[in-house]
Amino acid sequence: MKVIMVDQEKCTGCHLCELWCANEIASESKRMPDSFFETPQPVPRVFVEGKKFALQCRHCPEAPCLEACPNGTMRRDPETGLVYVHEPTCIGCWMCVMVCPFGVINPYSPMKVAVKCDRCRNMGYPICAEVCPTNAISVVERAVAQAGDEDEEK
Amino acid sequence: MDLIQRKTIDKTVERFIQKAAVEGVDLVWDRYEGQVPECGFCESGLSCRDCLQGPCISHPFKGDINKVGICGKDKHILAAHTLLRMVIKGTMACLDQASDIAADAGGDSEKAVSSLFSGFDASNIPGMPASVLETWKSAGVVPEGVVRDVIKASQKLEGGVTTVEETLLWTFKCALLGYAASVLKGEAKKSLFGEFKPEVVPTDIGALDPEKPNLLMYGEFSAALKAKIAAACARGGVGVYAVASEPVPGETVVPLLTNHASQEVPVMTGAVDLIVAGDQFVNPSLSSLATQWNVPIISVQSLKSGPDAEAFAVSVVEKTKDSKRIRASFTRDVPGSEKQASMGYCAANLDMKKIVDSIEKGDVKGIVAFAGYDNTKLSQDLELTTMAGIFLEYGILCIAEGDASVALSKYGYLTAGGDISCADGVKATLEALGTPAVIDVSAYGIGDFLCGLAEAAGKSLSDLPVAAVFAEASRSVDVMKAMAMTAMGVDTYFWPFLPVTGSDDVVKALGEFCKATFGGQLHVITRKIEGRVKGAMIVKVLTGEEGPDVSGNPWYSKIGAEL
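If you read the protein sequences in the order shown, they are chains A and B.
Counting in numbering that gives the first Met the number 0, the first sequence runs from 0 upward without gaps.
Counting in numbering that gives the first Met the number 0, the second sequence runs from 0 upward without gaps.
There may be inaccurate statements among the hints.
Unchecked claim - Looking from chain B toward chain A, a few residues come up when the C-beta cut is under 8 Å (computed):
| no. | residue |
| --- | --- |
| 1 | C38 |
| 2 | G39 |
| 3 | S43 |
| 4 | G53 |
| 5 | C55 |
For the record, the hints were derived by calculation from the structure and aren't laboratory data.
Ideal Cβ positions, reconstructed from N, Cα and C, are used throughout, including at glycine.
Whenever a hint applies, use it, and build me the whole structure from the sequences.
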């Protein structure tokens with residue numbers, strides 16, 4: 000399965016991934032600056048906070064959000080392994096938000112749905128990786144991403 | 000994230016783009032694609048790097064997080080400051096041009112330009128209607144000189160608690176000083192070369208003579224030096240041309256090869272033997288491109304002052320001849336695309352009363368002034384030519400300056416007796432004036448023409464059906480000029496949209512606040528619309544009539560289809 004890998008050394012914390020994620024994925028107009036003034040405000044699915052590091056859903060092999068969801072709204076795509084929110088059935092109980100170990104699921108109060116990165120599963124390539132000016136964000140096989148993590152730990 | 004489908008509608012340039020792709024040469028369009036997606040924060044005016052605590056942004060999406068910069072600039076101030084920063088740079092460009100020519104002109108011209116630096120008296124701006132000066136006075140934006148305008152305005156970027164509207168007024172004040180500098184530059188040219196007279200200037204890359212040693216002057220630098228180089232070339236049998244430049248005054252007619260975005264293309268013909276370049280509006284890429292074609296390139300703006308202008312002119316002519324000998328192995332591939340443009344009109348040599356009569360009789364329903372350099376974000380020349388075609392067909396008289404004139408000339412809009420379709424009233428007016436379809440006013444700029452029109456009509460510009468259109472603008476000097484036109488009471492349209500769109504307050508202020516203060520507004524249109532829709536929109540504003548039918552295939556446009 001392919002996941003998003005973020006290279007901490009390359010991330011400059013420019014927030015462009017957030018900007019484009021909110022514009023392309025969350026907004027109605029899909030066009031800046033019109034998307035800036037939409038109500039409710041579009042919410043990005045990737046977060047650059049604190050240290051310079053873009054964080055989004057890891058699509059965990061054992062995903063606590065899937066376990067916690069009371070009505071099967073949080074689902075895994077059987078073909079790609081990607082975890083996504085089936086918005087029409089979300090009841091806004093925020094259980095997934097509470098159990099996510101990475102804090103990357105957001106309660107989107109205006110629409111009463113949880114929002115998270117689905118790795119742009121309906122697009123050819125994730126927008127955050129597409130726009131990252133330093134190529135800090137890339138799409139790789141999970142094994143490659145894990146190997147990278149282990150190298151860093153050493 | 001917009002990639003343009005068609006880089007240019009100029010067939011000659013298109014041919015060389017294909018050649019560049021085959022030969023692995025990077026042109027401006029390739030570099031643009033490398034930059035896409037451009038930074039959304041910067042593009043919307045929501046970023047700042049005025050101090051070393053940043054760079055800062057105002058995040059448009061993350062709820063209440065990241066809304067203000069470290070020092071506390073919110074999105075409105077960030078956007079207003081982005082505009083101010085551009086206008087300061089544009090004003091500096093005009094001051095530099097005025098200083099260069101004033102130093103050569105000497106006498107009263109030099110004194111007048113010197114006054115731009117401190118203690119400037121705006122009532123000395125030639126041709127400026129008293130009503131406009133009065134409006135500026137009430138708004139507190141009368142230009143008073145670099146010290147009071149540019150230096151003070153630039154300190155707004157350092158901090159303070161100035162409101163958005165007052166920051167915008169400082170921006171206008173600064174822009175008006177730049178405009179005053181461009182008017183005084185025109186006066187200095189007049190004192191040095193005499194009144195401008197209309198003349199036929201060859202344009203387009205086909206004007207290059209492949210048999211001659213050829214010297215190209217790039218960008219803006221002293222008009223006096225350009226005239227000396229041109230005269231020396233004519234004496235020495237060397238072809239001389241200008242690129243990304245205003246028409247060159249003086250006795251030698253200097254062909255204008257192409258407009259700003261395609262400035263690299265002439266080098267690719269192999270028929271260029273020497274380049275003399277200024278700084279303004281010259282792409283730094285020219286240097287590496289010239290190396291590939293073994294073309295020596297000489298900068299006229301070096302730290303150490305060189306020999307006097309006359310000796311410099313003679314030396315570059317000799318170097319051009321030597322270079323042709325050295326470059327004998329390069330193929331000289333010049334396309335046959337030369338056009339003849341009638342240029343050099345101004346309020347003084349046009350029958351302004353005739354134009355006013357035509358407006359009053361309804362023969363001319365409005366006037367559009369085109370200005371601005373071109374921009375790789377838009378298909379080169381497409382918006383400009385599409386709009387010009389629509390305006391002329393719907394009874395709107397068109398004038399143009401600088402790069403916009405050069406762009407239009409490539410499609411025959413500046414060719415006397417050309418076959419451009421015009422409404423009957425416009426056609427009759429143009430025949431009476433003895434001008435081509437689009438009137439080039441590069442000599443003194445669109446401001447000179449519009450002020451002359453206001454004087455002849457005995458009305459303020461905001462009461463006349465006029466608009467300024469920056470169809471494909473790119474340089475900070477374009478932003479400065481657009482601000483100045485707005486402050487003169489002219490409705491101004493600017494594409495691509497200004498980097499202020501992250502702030503709804505600034506966009507609104509450039510519209511409603513400017514309309515209330517100056518009588519003209521600066522339209523910041525963020526909708527993605529094609530040239531014919533823009534043209535139809537302006538036709539409706541100026542004439543009150545429905546413009547062309549803009550339904551149908553969205554990709555269709557008249558010029559594009561013809562080509």
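Hints versus structure:
Hint status for C38 (chain B): holds, given a least beta-carbon distance of 6 Å to chain A, under 8 Å. Evaluation of the G39 (chain B) hint against chain A yields a held restraint, the C-beta minimum of about 5 Å falling below 8 Å. This hint holds: S43 (chain B) has a C-beta 5 Å from the nearest C-beta of chain A, less than the 8 Å allowed. At about 12 Å, the closest approach between the beta carbon of G53 (chain B) and any beta carbon in chain A exceeds 8 Å, and the interface hint on this residue is violated.
Evaluation of the C55 (chain B) hint against chain A yields a violated restraint, the C-beta minimum of about 11 Å exceeding 8 Å.
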